[in-house]
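Let chain E serve as the given structure and place chains Y, F and G on it in line with the hints.
Number of protein chains: 4
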Amino acid sequence: MSIDSFSAHRSEETFPLTPAHTAVLVVDMLNDFCKPGGAMVLPGYEVLLGPQRTVLDAARASDAAVVHVTDCHRPGLRQDREFLKRTPHCVEGTWGAAIVDELAPHDGDLVVKKHRYSGFFNTDLDLTLKDMAVDTVVVMGVVTNICVRSTVHDAFFLGYRAVVPEDTVAATGAREQASSLYDIGTHFGLVADAAAVAEALTGGATLTNRIAA
Amino acid sequence: MSIDSFSAHRSEETFPLTPAHTAVLVVDMLNDFCKPGGAMVLPGYEVLLGPQRTVLDAARASDAAVVHVTDCHRPGLRQDREFLKRTPHCVEGTWGAAIVDELAPHDGDLVVKKHRYSGFFNTDLDLTLKDMAVDTVVVMGVVTNICVRSTVHDAFFLGYRAVVPEDTVAATGAREQASSLYDIGTHFGLVADAAAVAEALTGGATLTNRIAA
Amino acid sequence: MSIDSFSAHRSEETFPLTPAHTAVLVVDMLNDFCKPGGAMVLPGYEVLLGPQRTVLDAARASDAAVVHVTDCHRPGLRQDREFLKRTPHCVEGTWGAAIVDELAPHDGDLVVKKHRYSGFFNTDLDLTLKDMAVDTVVVMGVVTNICVRSTVHDAFFLGYRAVVPEDTVAATGAREQASSLYDIGTHFGLVADAAAVAEALTGGATLTNRIAA
Amino acid sequence: MSIDSFSAHRSEETFPLTPAHTAVLVVDMLNDFCKPGGAMVLPGYEVLLGPQRTVLDAARASDAAVVHVTDCHRPGLRQDREFLKRTPHCVEGTWGAAIVDELAPHDGDLVVKKHRYSGFFNTDLDLTLKDMAVDTVVVMGVVTNICVRSTVHDAFFLGYRAVVPEDTVAATGAREQASSLYDIGTHFGLVADAAAVAEALTGGATLTNRIAA
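In the order they appear, the protein sequences are chains E, Y, F and G. Numbered according to our numbering, the first sequence spans residues 4 to 216. Numbered according to our numbering, the second sequence spans residues 4 to 216. Numbered according to our numbering, the third sequence spans residues 4 to 216. Numbered according to our numbering, the fourth sequence spans residues 4 to 216.
In isolation and in its complexed conformation, chain E is listed as follows (with noise of 0.2 angstroms):
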């Protein structure tokens, strides 16, 4: 893949993950975005779990954070900025809001609700991630192109280092999943696939970014 003249300007390309300092957010793994009968359904989440609990697996086994970032809208809202765009889905306290089984959190996992796109809009993720002295953040989940993306936006201006393995993130179409983590490959952080993540924890592996010239 070649990468466009100005998105070239880049460096930062590879890096170690710490176990200490980092958090694994699963971000929207939601009924209501992936079990059918959900009010927003992304066909297909099931080939994402694999992937994730590699990376899930390792993370539990050196250490590394693991939070659950998820929609939730509180019900009977005047204007809910979110559901005047798009379809009402994650309320709270509904089937639709609750984590799919597959993902259910282990003791030790942390649950941010977000009421935004991005997890870290007016929410407490960046403070309990300081809190638990966190500088980098493994974002898995979906959609890619939305809440997954968004997310690694804020973490990256917020200064967190920022990795999206690949196949552990899955978005509305196939040109918007290569954009994106195009993009986030380019501007926003390093994107890397569930093995090599895996690996990073558990065996001090170096990171590189998948998206290269």
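Accuracy of the hints is not assured; some may be wrong.
Any copy will do: because identical chains look the same in the list, a pair fits if it lies in one copy or spans two.
Derived SDA-like pairs: lysine to any residue, alpha-carbon spacing no greater than 20 angstroms straight-line [what the hints assert, rightly or not]:
#, residue 1, residue 2
1, K116, C75
2, K88, A64
3, K116, T209
4, K116, A11
5, K88, V115
6, K38, L52
7, K38, N212
8, K88, R213
9, K88, V44
10, K116, T90
11, K38, R81
12, K38, T90
13, K38, H12
14, K116, T131
15, K88, S14
16, K88, D112
17, K116, T211
18, K116, R213
19, K88, A11
These are calculated hints, taken from the structure and not from any lab test. These numbers come from a predicted model, not from an experiment.
Just chains Y, F and G now, with coordinates in the frame of chain E:
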């Protein structure tokens, strides 16, 4: 009470309350701050309950929003910033973090968890108030000079009009009560009392700042 | 163009522009991104100038606000987060950080300096727009998939309606232009063109989303 | 001075200052707040200059950062939130918004413009401090109970250690000076004096909180 020459440069000393655009924020009326055996008790919270109920009854009768803003710390974070400075308190899921029985939320009340003194810092309070079309907040609770005041600061910065009914808030001491109300009335909003706020909500009366020359 | 099944769950596909509550944001039309010799040049910025002027003329004629949002990095910081990922650019006080001559600000325009891709991140853009009673932003400039898009994200999260005239923005590649406009039109706001925005500002026409099935 | 029983629940009462990770913030030492003819004058700013210079000299000698945080309001906004409450002041580009001659910035000092009382609210102060690897701030200036205190609040919330040398700040009255320093020392950071801060910066001495039982 006389106003010093610097603080006297002010305006916006009266305004009405429109219930559809007003939220009453009940800050930190929690077991750990109020009840015997709490982690950090401010003696005498009982005197606040009557005036607070006067405001809450008026809010519910007039359809203004009621939001309980409650301190809540995740257990086991490596370096909780607030616990580095203050004794641990209001740990998520414990008795200490629960709202006092006397003010148990009604159906339709909202609860917003906060993690620092201000109800707005890294919480969804601002977006939730926007999604409810709120432009004015009435702030009650404990303690005047820390969590109430910090919440009033941010409300003002974010563009809200802020009202503090002085008989619904208590400080850590008499000087701190007087000093924080003085600063609020001269720089951040308007100091009133519970009866005046109730009358403004239900009868359309105009509020007047009690911090006056 | 067909809309995928996930993205199709949307609404708010038309709205008018009220000039008194609208701001046109001109993002990063700076020498370093546009002109030969710049630090990080996107070729072909000239084609944007005509449509951008169409919008700017309409904004000025109708008394909508014009805000130049310009990337600006303080020199000599120990670890500028953006320079860890991207080649240094738009250093404060240099030619590269200046607005291109063709779009030199008029009297009454505002300039907001930004330090990350989003015009809202750690800047006074949000409070300034509030202090101008703005609720809708028209976003133009470069590059669509990074700074324009990041600014649109935050505008939406903060409660603004966002419009992107597609002929006033350019991306790092054709796929990125199409993909970011698609995401904006389906999830964050409305994609229009310069002529439609000008007509909405000056003649009261209603805008319609161009990202349609 | 005795500490009330609520406020006494505290820790972090001593720490050293590491110059490479410390910034001295000079808040609002501006003509409009200090000089005869200013829009909103606090009489007697001259007594602050000596202690402030003691700290600034030590900061410059030890290579700690110096940041002037200056109130600055754009002229002509329709509804400047602060001007709705306070007499207009520190309008961008006027004499009133300029730093007093006695504290004119040196080469290498930074200037951050703020638009509300807190130096962190919708400014680039947080990202700039992060990009300088700063984790501790020393806050000086006027007025203790409004802009200094608001800045200290946000510094603490964002995770910084905050120090206020009491002889470098002045309040709108004696009660307000005592009360804000008490709240800062018990809940937000550490109160010291200029000599102790200078010694900590240049000689490695440990700071001790002056708000003590």
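Within, between, both or neither: K116, T211 at alpha-carbon 20 angstroms: neither (31 angstroms within a copy, 33 angstroms between copies)
Evaluate K88 and V44 at a C-alpha cut-off of 20 angstroms and name the case that applies: within, between, both or neither. within (16 angstroms within a copy, 34 angstroms between copies)
Give the relationship of K116 and C75 under a CA distance limit of 20 angstroms: within one copy only, between copies only, both, or neither. both (6 angstroms within a copy, 14 angstroms between copies)
Between K116 and T90, at a C-alpha cutoff of 20 angstroms, which is it: within one copy, between copies, both, or neither? Within one copy, since 19 angstroms is at most 20 angstroms while 26 angstroms is not.
Using 20 angstroms as the alpha carbon limit, work out where K38 and N212 are close: within a copy, between copies, both or neither. Neither. Shortest intra-copy (32 angstroms) and inter-copy (29 angstroms) distances fail the 20 angstroms Cα cut-off.
Intra- versus inter-copy proximity for S14 and K88 (alpha-carbon distance at most 20 angstroms): between (36 angstroms within a copy, 5 angstroms between copies)
Up to 20 angstroms between alpha-carbons, please classify K116 paired with T131: within, between, both or neither. both (12 angstroms within a copy, 13 angstroms between copies)
K38 and H12: within-copy, between-copy, both or neither at 20 angstroms Cα: between (41 angstroms within a copy, 16 angstroms between copies)
For K38 vs L52, is the C-alpha pair at or below 20 angstroms within one copy, between two copies, both, or neither? For K38 and L52, the Cα distance is within 20 angstroms only inside one copy (13 angstroms; across copies 46 angstroms).
If the cut is 20 angstroms between Cα atoms, do K116 and R213 qualify within a copy, between copies, both or neither? neither (30 angstroms within a copy, 33 angstroms between copies)
Pop the pair K88 and R213 into one bin, within, between, both or neither, using alpha-carbon distances up to 20 angstroms. For K88 and R213, the Cα distance is within 20 angstroms only across copies (15 angstroms; inside one copy 34 angstroms).
Alpha-carbon proximity context of K38 and T90, limit 20 angstroms: within (16 angstroms within a copy, 43 angstroms between copies)
The earlier numbered hints that this structure contradicts are 2, 3, 4, 5, 7, 11, 16, 17, 18.
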